[in-house]
Amino acid sequence: GQNIDQPTEMTATEGAIVQINCTYQTSGFNGLFWYQQHAGEAPTFLSYNVLDGLEEKGRFSSFLSRSKGYSYLLLKELQMKDSASYLCAVGYNTNAGKSTFGDGTTLTVKP
Amino acid sequence: ETGVTQTPRHLVMGMTNKKSLKCEQHLGHNAMYWYKQSAKKPLELMFVYSLEERVENNSVPSRFSPECPNSSHLFLHLHTLQPEDSALYLCASSQGSGVDTGELFFGEGSRLTVL
Chain B
1 GQNIDQPTEM TATEGAIVQI NCTYQTSGFN GLFWYQQHAG EAPTFLSYNV
51 LDGLEEKGRF SSFLSRSKGY SYLLLKELQM KDSASYLCAV GYNTNAGKST
101 FGDGTTLTVK P
Chain F
112 ETGVTQTPRH LVMGMTNKKS LKCEQHLGHN AMYWYKQSAK KPLELMFVYS
162 LEERVENNSV PSRFSPECPN SSHLFLHLHT LQPEDSALYL CASSQGSGVD
212 TGELFFGEGS RLTVL
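So the protein lines, in turn, are chains B and F. Numbering-wise, the numbering used here puts 76 at position 76 of the first sequence, and it's gapless, one number per residue. Take any residue in the second sequence, count from 1 to its spot, add 111: that is its number in the numbering used here.
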């Protein structure tokens, strides 16, 4: 299989920094996405990594290590509206690049 | 108009009913997808259409029947469903050609309840 592992739930405080990890099988790797999904809404694209390193986009950053099969999403200066599910999705060559999703991490931001 | 629209947003049906979910994308994309999202489970890819041809069918029961009449529209026909089919059905599109990273653009979803 193409196991994608991420924590089920995380809690953090408003204004803090939180890191959501994702590990995946490296064979046939073709790119990694992070999506955000608020309750009752559609997932929306946050980031895409295909090369090693850190991609920064405002308060959100995403990191990838291809050799380790590891990515993380870093959220800074947390706001209440960041409470959502964060989905790690991996594209594999064996699946024509189509994304396989992890279970998602539900982040709760508390005041 | 928004990028990907789905109708209906909510649907309740009995096990003997026939209904259809509709998806329309206004992004000029060439690939469209149906995903199923159940509670406590990851998004499951059901069907993929590229340039109006079905390119993937992930062992989905025949009671789900997709239709893609053109690159902008996608349907999911439902027939004699089971209660365990109750879920959020998400339509998505991607560029599907050229430099396509596979980034998905999702609709708001159709929440299906089977009684």
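Keep in mind that the hints are not guaranteed to be accurate.
With a cut-off of at most 25 Å between alpha-carbon atoms, the simulated DSS-like pairs for lysine-lysine come out as follows [claimed, not checked]: (1) LYS81/B / LYS152/F; (2) LYS110/B / LYS129/F; (3) LYS133/F / LYS81/B.
Per the computed footprint, the stretches of chain B lying under chain F, defined by three or more beta-carbons under 8 Å from a beta-carbon of chain F, are [as the list claims (entries may be wrong)]: (4) 33 to 44; (5) 101 to 108.
These are calculated hints, taken from the structure and not from any lab test. Here the structure is a predicted model, which is why all the values come from computation and not from measurement. Glycine included, every Cβ here is placed at the ideal spot set by N, Cα and C.
To see whether the hints hold, each was checked on the structure:
no.	hint	in the structure
1	LYS81/B / LYS152/F	holds, 23 Å
2	LYS110/B / LYS129/F	violated, 44 Å
3	LYS133/F / LYS81/B	violated, 30 Å
4	33 to 44	holds (count 6)
5	101 to 108	holds (count 4)
Consistency with the previously given hints fails for numbers 2, 3, ordered from lowest to highest.
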